[in-house]
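Visitor: The chain contents come next:
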Amino acid sequence: AQTVTQSQPEMSVQEAETVTLSCTYDTSESNYYLFWYKQPPSRQMILVIRQEAYKQQNATENRFSVNFQKAAKSFSLKISDSQLGDTAMYFCAFTPGGSRLTFGEGTQLTVNP
Amino acid sequence: KAGVTQTPRYLIKTRGQQVTLSCSPISGHRSVSWYQQTPGQGLQFLFEYFSETQRNKGNFPGRFSGRQFSNSRSEMNVSTLELGDSALYLCASSSARSSYNEQFFGPGTRLTVL
Numbered sequence: 001a002q003t004v005t006q007s008q009p010e011m012s013v014q015e016a017e018t019v020t021l022s023c024t025y026d027t028s029e030s031n032y033y034l035f036w037y038k039q040p041p042s043r044q045m046i047l048v049i050r051q052e053a054y055k056q057q058n059a060t061e062n063r064f065s066v067n068f069q070k071a072a073k074s075f076s077l078k079i080s081d082s083q084l085g086d087t088a089m090y091f092c093a094f095t096p097g098g099s100r101l102t103f104g105e106g107t108q109l110t111v112n113p
Numbered sequence: 114k115a116g117v118t119q120t121p122r123y124l125i126k127t128r129g130q131q132v133t134l135s136c137s138p139i140s141g142h143r144s145v146s147w148y149q150q151t152p153g154q155g156l157q158f159l160f161e162y163f164s165e166t167q168r169n170k171g172n173f174p175g176r177f178s179g180r181q182f183s184n185s186r187s188e189m190n191v192s193t194l195e196l197g198d199s200a201l202y203l204c205a206s207s208s209a210r211s212s213y214n215e216q217f218f219g220p221g222t223r224l225t226v227l
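If you're matching them up, the sequences are chains A and B in order. If you read the first sequence in the numbering used here, its first letter stands for residue 1, the second for the next number, and so on. If you read the second sequence in the numbering used here, its first letter stands for residue 114, the second for the next number, and so on.
By construction, these hints were calculated from the structure, which means they are not laboratory data. Ideal placement from N, C-alpha and C gives every residue a C-beta, glycine not left out. It cannot be assumed that every hint is accurate.
[To be verified] On the chain A side, residues computed to face chain B include the following (Cβ under 10 Å): (1) 25; (2) 44; (3) 45; (4) 84; (5) 86; (6) 99.
[As the list claims (entries may be wrong)] These stretches of chain B come out as covered by chain A in the derived footprint (C-beta under 8 Å, 3 or more residues): (7) 121–129; (8) 175–185.
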């Protein structure tokens, strides 16, 4: 069984600064997919970024980037130039393929003005 | 394209009752998955339907069931409601055409069991 762990229940950052959210996972699969989802107060889950395990290059989407360390089973999310709209719960998620996602516990990120 | 829609958005029931939640996927998406989100257990996978067949099932009791119709709309049913069933129920759809399936989530149905 796969597990996903987010060890930071809450984090805060000042507007325009950079913050990194941590995620570790455990799996015996050799190929899989990792995601970061954002859930703002509206509760709508929004995909932030995804990483395919067979790709060594770290994924980047505008201000969001990941640090994927396959050997360490680590998948952190870096948010640069934080904005007030980034305030949300962030979930790390894993799938070996297909539609079933395993989520971490979530990290509540607050961006302060 | 319209996004994933879920109805109703809010629901209040009492213990012992049953409830049916509905999910309409993005047009063209054939896979619908359901998740339960609670403060204590987090986000947990309930089941996935693809082409009217249950393709995957999480670790939930038989009181939780679902189905999918020929137009890909899905319903989930919870019978004999318990207080612990109070949760946000999220539905997600995907095209299921690739080796990984990007999930597009609906806004959720907030179920309160009294």
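Visitor: For each hint, tell me whether it holds in the structure or not.
Guide: To see whether the hints hold, each was checked on the structure:
{"no.": "1", "hint": "25", "in the structure": "violated (14 Å)"}
{"no.": "2", "hint": "44", "in the structure": "holds (5 Å)"}
{"no.": "3", "hint": "45", "in the structure": "holds (4 Å)"}
{"no.": "4", "hint": "84", "in the structure": "violated (22 Å)"}
{"no.": "5", "hint": "86", "in the structure": "violated (18 Å)"}
{"no.": "6", "hint": "99", "in the structure": "holds (5 Å)"}
{"no.": "7", "hint": "121–129", "in the structure": "violated (count 0)"}
{"no.": "8", "hint": "175–185", "in the structure": "violated (count 0)"}
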